[in-house]
Every structure is written in C-alpha cells, then in structure tokens.
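Note that the protein sequences, when read in sequence, are chains A and B. Read in the numbering used here, the first sequence has 205 at position 205, and its numbers run on one by one without any break. Read in the numbering used here, the second sequence has 295 at position 295, and its numbers run on one by one without any break.
Calculated from the structure, these hints are not laboratory results. There could be a bad hint or two in this list.
One copy or two, either will do: identical chains are not told apart, so a pair holds if it fits within one copy or between any two.
[To be verified] Using 27 Å as the maximum straight-line C-alpha spacing, the simulated DSSO-like pairs for lysine-lysine come out as follows:
hint: 1; residue 1: K244; residue 2: K23
hint: 2; residue 1: K245; residue 2: K23
hint: 3; residue 1: K269; residue 2: K42
hint: 4; residue 1: K42; residue 2: K157
hint: 5; residue 1: K269; residue 2: K177
Number of protein chains: 2
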Amino acid sequence: MQYMGSIEESSYSHQTKVDNLGKSLAAIVGLGMIKVGMHWSKSIRELAVEAGLKALDDAGNPDVDAVYVSNMASGLFCDQENLADLIADYLALTPAPAVKIEAACASGGVALTQAVAAVASGVYDTILLVGVEKMSELVSTEVTNAIACCLDAEYEKFYGVTFQAANALLMRMYMEKYRVKREAFGEFVSLMHQNATKNPYAQLRFPVTVEQYLNSPVIADPIRLLDCAPVGDGAAALVITSTKKAKKVVDNPVFIKGIGQATDTISIKDRVDPLFLRSVSKAAETAFQMAGCSIEDVDVVELHDSFPFVAFMAMEALGLAERGKAYKLLENGDIKPGGKLPINLSGGLKARGHPIGATGVYQAAELSLQLIGEAGSLQADSPAKALMVSIGGVASNAAVIVLERGD
Amino acid sequence: MQYMGSIEESSYSHQTKVDNLGKSLAAIVGLGMIKVGMHWSKSIRELAVEAGLKALDDAGNPDVDAVYVSNMASGLFCDQENLADLIADYLALTPAPAVKIEAACASGGVALTQAVAAVASGVYDTILLVGVEKMSELVSTEVTNAIACCLDAEYEKFYGVTFQAANALLMRMYMEKYRVKREAFGEFVSLMHQNATKNPYAQLRFPVTVEQYLNSPVIADPIRLLDCAPVGDGAAALVITSTKKAKKVVDNPVFIKGIGQATDTISIKDRVDPLFLRSVSKAAETAFQMAGCSIEDVDVVELHDSFPFVAFMAMEALGLAERGKAYKLLENGDIKPGGKLPINLSGGLKARGHPIGATGVYQAAELSLQLIGEAGSLQADSPAKALMVSIGGVASNAAVIVLERGD
Chain A
1 MQYMGSIEES SYSHQTKVDN LGKSLAAIVG LGMIKVGMHW SKSIRELAVE
51 AGLKALDDAG NPDVDAVYVS NMASGLFCDQ ENLADLIADY LALTPAPAVK
101 IEAACASGGV ALTQAVAAVA SGVYDTILLV GVEKMSELVS TEVTNAIACC
151 LDAEYEKFYG VTFQAANALL MRMYMEKYRV KREAFGEFVS LMHQNATKNP
201 YAQLRFPVTV EQYLNSPVIA DPIRLLDCAP VGDGAAALVI TSTKKAKKVV
251 DNPVFIKGIG QATDTISIKD RVDPLFLRSV SKAAETAFQM AGCSIEDVDV
301 VELHDSFPFV AFMAMEALGL AERGKAYKLL ENGDIKPGGK LPINLSGGLK
351 ARGHPIGATG VYQAAELSLQ LIGEAGSLQA DSPAKALMVS IGGVASNAAV
401 IVLERGD
Chain B
1 MQYMGSIEES SYSHQTKVDN LGKSLAAIVG LGMIKVGMHW SKSIRELAVE
51 AGLKALDDAG NPDVDAVYVS NMASGLFCDQ ENLADLIADY LALTPAPAVK
101 IEAACASGGV ALTQAVAAVA SGVYDTILLV GVEKMSELVS TEVTNAIACC
151 LDAEYEKFYG VTFQAANALL MRMYMEKYRV KREAFGEFVS LMHQNATKNP
201 YAQLRFPVTV EQYLNSPVIA DPIRLLDCAP VGDGAAALVI TSTKKAKKVV
251 DNPVFIKGIG QATDTISIKD RVDPLFLRSV SKAAETAFQM AGCSIEDVDV
301 VELHDSFPFV AFMAMEALGL AERGKAYKLL ENGDIKPGGK LPINLSGGLK
351 ARGHPIGATG VYQAAELSLQ LIGEAGSLQA DSPAKALMVS IGGVASNAAV
401 IVLERGD
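Just chain A, same shape as in the assembly (with noise of 0.2 Å):
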C-alpha cells in the first residue's frame, strides 16, 4: 500500500486549483504573540486566551466569522479535546463556528492555508486563527512520548524510536553523503541564538557558540542537546479578512498571495530519496505558482528548523542551495541579518523555540511584523515579500506560504 513511484515519475500535481495567478487570497490584519517559555502559571485556555485577544485587539476588534485553532496534541499534554470550542468560548466568540487542525509540527502553517482557502472561498469573511501548545505540564519523558507520536505508532514509535532519534538517522546521512561538517550545524545554532536575542517573544535569548554547540551533550548521535529546539509553551494568533475587506479594517495589512501543502511517507524509510524534502519542494511549488513569483523574488524568510540540519534541506528544497551545499549560504552570510535573504530573524525553532502546534502562527506573525515594518530590532530592510516554511513530522507534512506587503 506504500508509495512506490519515484519523484520523476510522479506527474500527479495535486495542485490547489484557485485560479490566482499573482492576485491575493486573503489578508492578515491583526497579530498577537506571547513569549515563549515554561508558562508555569498558565492553562493553555489562557495562553490561546491572551494571544488571541492581542491579535483581534490589533485587528481593531472586528466581528468574527469562525475560530480556526492550530495544535498538535493538547490531548496528550493537558487532557484537552474539544480545544477549538474551548479557546471559542473563552474568547466570548461563541456560536461561531470552531474547528481545530492537526498537521504534526506543521499544525500551524497548514491551519493557516485553510483559514486563507476558507476566507478566499468567501465561506468566511474574517477568521481568527490560534496557534497554540502547552508542553509545560508533562515531565520530559512524557513531552518525548507524545511528540514522538508524529511519527508511525505502529512501526516507529512502538519500538521505541523518538523523534530525535528518527532524525538522528537522517542527519547521520546528510553528513556522510554530503560531507558536512558538524561546525557548519553549530554556525545555523549560534545564528539562530544570535538573531533570537533581539526577539522580545523568543524563549532562548542567549547566544551560543560553535564550541559550545560542539561540547553540547549527545542525545540521538549526532544530535547533541543545542541542536534540538527547546520544550516551550506558547500561542500565537492571527485576524485574516478578505482582501476586499482588509483595507477597511486597517491601513496596513498583509496579503496572503500563495498557499501550498503537501505530503510525504510518515516514515522516512519508506522514502526513494530520503534527503530530498519531497513535502516542501510540493508545497512550495504550488505556493509559488498561485503567487505568480518565484523564490528570487522573496525578501525574508521563517522555516522550520526543527534541527539545523532540517533547515538546511529545506533551504535545499526551496532551492536556495544545491543539494548537500546549504552551509554556504551561512559561510557567505546570505541567510544573516542584513545579506541577501534573512532566514529566521526570530531565532526560528531552535531559540525562538517551537510550542509544536502554535509554531507555523508564530512564523506568519514575526514575518508581518517584518512587511508592515514594526519588527523592531529584528527588522530586515524594508522587505516587500516573505516566505514561511512548516514543516510536520520527518517532513512528512509541509505547508508553504507567500505573504506580501500591502502598498
């Protein structure tokens, strides 16, 4: 029953069928964030409670069509189901409808294409989309059993393989075919510590150094403890309108040009081609033909550095970098603060951290905060277009995102 075809031979484009080409889909008028962290004191009703009411704030407070949330597992970390209708009522938005999205990691980035189709279909006028996760009131044990369920229960997690560990094996192999050194791992993390410094919402706001990664304690060879993003809680939360409408609700909004998702194998043994990112090259293929522009065109980037070594083959995948030759975007200082295409001025996963279901909203918010100009002292150079890259599972989900700003 698995997928057998090789990438060549899959002429099936499973492409969105809007016919866009170039024009907006949808458009986000309002943002809010929380700090990532340890949110001891909180429930995840009111992490969800408090982004969500920043972002309509921000929006003006316009009526509200339908509550979207984006999360992974509430059920495994906090004994929630249900949880869209929860973060609906508490946010007094009740009899709007709510409906809550699971994607693994990816949760939010393809949360955030339905709410986008859903707004672009007119279904809804304005939608309010939650992302949010709460790791904080599990034991670190337990926090490893539920995000190793991302992965196949049956003939990967059963057998006491982890989430670390499943990538452990795909780093291994990007090291040994492509010869990349561990140092080159060590430059992204202490980058990504770098840029999260400035991120008034980042958890990690301390820089790292390559001799400090390299002396981090192992935990699934070769990934050591500064390659994994940190267990936080977090939400974050987005006002998407229509694009007819946006400029009514503010002057600056930022418009949603192309969406794109796709699927690989749940399991990486069952790839042809393991160190492709066969989900990101799909999704971002689709994306960027409804936006009608290509990667060249993109000023500012979020994706989802899960490791550093997955940020480098989605780098790949987006065609930034041949393959196994990602590193040289750091060694020439493209991806920096200030070079050619800024990626993760927010810290990304690694030190913005990475609450799993509320990760994709934290990336659509820190790059329209970078388009309207208000990104503070993370602001990249007046950029007109940005990209976010979700990624779920061994990148067995992706979703793809084009935003522009609105002028």
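Take the given structure of chain A and dock chain B to it, following the hints.
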C-alpha cells in the same frame, strides 16, 4: 470572558458567506464503511485505509487532490498524531495535502463542512474524507478518561467529571423540567436497536425492549447502560467532488446543498438556557438558509444521539417538536421507518455505534445510500432530501448538513 448574552440578544449571525441559496456546494460520489465493532486485530491505519479504498473504488478511483481526516483523539487512543499524513501515505496518496480536523464527537460533521467548503471554493476539485476512531486499544477506564477530554479539562474533567456524568446532569434537568418519563427514552433506544438489526455496518445488531432498558445498570444516574452509545472502532470515507465534475464521475451523485456549523459554551454550567441546543439550532439555521429549504422539506435524518435525551433536544432544536415534547414524535410513530420523518434508520450512535471521529462520516455515508436508493432493507421511501446533525462535546459544537438526491 464567558459568553453572557442570551440567545435572543445575539444579533450576530456567524453565517457563512457563500452566496449559494439552493445551489449545490459539492457532491458525494463515493463512499465506504466498515462494520463498527471491536476490531482487535486491526490498527487505526488499517481501518482508515479499508474505508478509504472502498470509497475510492466506489467513485471509480478518481484523482484525489487532498485527504481530510476526521478524528477526535488518536493520540490518546493509539499514540498516533500526524494521522492525516499516515492515512494519505498508506492510501498511496502522498504528496497530496493531508489535514486532520478535530471537533470532539462532531469531528466528522465539521470535517465534512470543511471539505465541502474547500471544494466549493475551488481550492480542491476532489477530496477524500476519512473519518476514523479506534477505541479498543485502551481499557474501559482509559476510554472514559479519553472521552472526558472533550469537556473542560481544567474546570470539569480535573474534578472527576466524566462525559457521562456531565450528560447525566443535563438529562436529569430535562426529565424534571418537562416531566418526561424514562419509558420515552426506552422507546427511542428500542427503536434504534430495531433499526440496527437491518444495518450490516451496525455494532449492536440485536433488539432491546423498553423493559430491558429500564432494568439496565446505572452508569451515572439517571443515565443507564442502555442510554449509552457503545465503545467501538470504525471508519467511514467519502469522495467529495465539485458539482460540475460530479456527473462525470458517477451517475448518481449526492449533492451537498447546505452546511452549517456553530458552537456553544464548552461547559453546560455557563449556558443561559442549558436545555436548548443553541449550537444545533444555529448550525441548522445556516445550513437551511444556504440550501434554500427548511426542515419541512427533509425526508430522512441522521442525528447525533450520544444519549436519547440529546436526540430529543436535537429534534427540538431543529423545530421538529416543541421543547420537552420530542417524545411525542416517538408516540406518533413519526420517526420510525415508514413514518413521516424517519430518524436514524442506521440505528444511530446508540446501535450503529459511535466511533467518535468517524460518526459524522458514517451519517453522511448512510444518508447518501438512502438518497441513491441503495440502503437495502433500511431503505426509506425514495427520499429526495436528507439532513445530518453531528454534535460534539455536550453539544458545545455542531455541524448540520443538507444533502439532496441528484436527479
């Protein structure tokens, strides 16, 4: 932060903005179900794939643009998140986009509204929707615990309130306020079991008398064992395509004419009028407005009877009976096979079974069989319009959908 307005005060429509008015939004062109039951030897993957393949085969194996999965708690039941990707993978449908939708017991109905909206909007031409839940991996106390996650975890579940206990409070209130006798619920249960004896996909295919109902053990007074839907595994799938394409795919499509979704407070304690299912009423209002018809035009109904009194309150919210008078629909024989408006010819949640995230999809599949005249010995007298009511939590979430025979 709670919703404090009365139903009457709320002038806020939360209606979807699709200017449809009686036109078709999308069509069901294929369906697949497996018998609900304790499938000890099959994993959640196998259940989902079996139903998915049946539906694809039924539709003549069309190209699929996206996979939607409805499921409440595979993380708690099966250690499996990232479920949509898993199912897309094992149906050999990667790199198609895959998304899981959760809205407690209403997951199936809500996912169907999401899929229909995506097709109506042109985002996707053809979607495979798979509803699945595997509950038999856990022992019964753990199942009770998992189900209780659809309540408010912090203010209800934490204090030991189970889903059954929360419903018991409401059932007691309903019985006291309207002076409804136990026997009335027994009549409903007896009818559901009678209907299920003819349904090859039903879990409980045996008759139950009112006397057996009255003498069944107390679970949470006044709820007795035979009030409860059984624990079971199940999967059902639908192929949903655009109205335009439907007749090219199959001769007998079923058209979706209206979709509605709405919420209520997650906890019954916060409701102005706990005995009125505002979520169901609101969702029905939206769906009928979109479909350009009313409950009067409906020929057959599948309705969420998590407990008989919930079915009664849903019938009242739909306007089929005055408040507290739903039992009269049973007395008159209106909702029996051959009656004015047959309800739950499948046997309902009570006897067909209630594999949580799959239930709404079963409802749509069963109604589709009714509309194309292939419901076998369950068949109603050539129904033209059908209604499904999918409810989540203690009616904190509801989806209502109007289906029509395509001729």
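(message) Within, between, both or neither: how does the pair K269, K177 come out at a Cα-Cα threshold of 27 Å?
(response) within (16 Å within a copy, 60 Å between copies)
(request) Have a look at K269 and K42 and pick one of within, between, both or neither, based on CA distance no larger than 27 Å. (result) between (39 Å within a copy, 22 Å between copies)
(request) Could you figure out if K42 and K157 sit no more than 27 Å apart (CA to CA) within one copy, between two copies, both or neither? (result) between (30 Å within a copy, 17 Å between copies)
(request) Could you figure out if K244 and K23 sit no more than 27 Å apart (CA to CA) within one copy, between two copies, both or neither? (result) Answer is both; intra-copy 12 Å and inter-copy 24 Å each pass.
(request) Indicate which option fits the pair K245, K23 if close means a Cα-Cα distance not exceeding 27 Å: within, between, both or neither. (result) both (15 Å within a copy, 25 Å between copies)
Consistency with the previously given hints is maintained throughout, with no hint failing.
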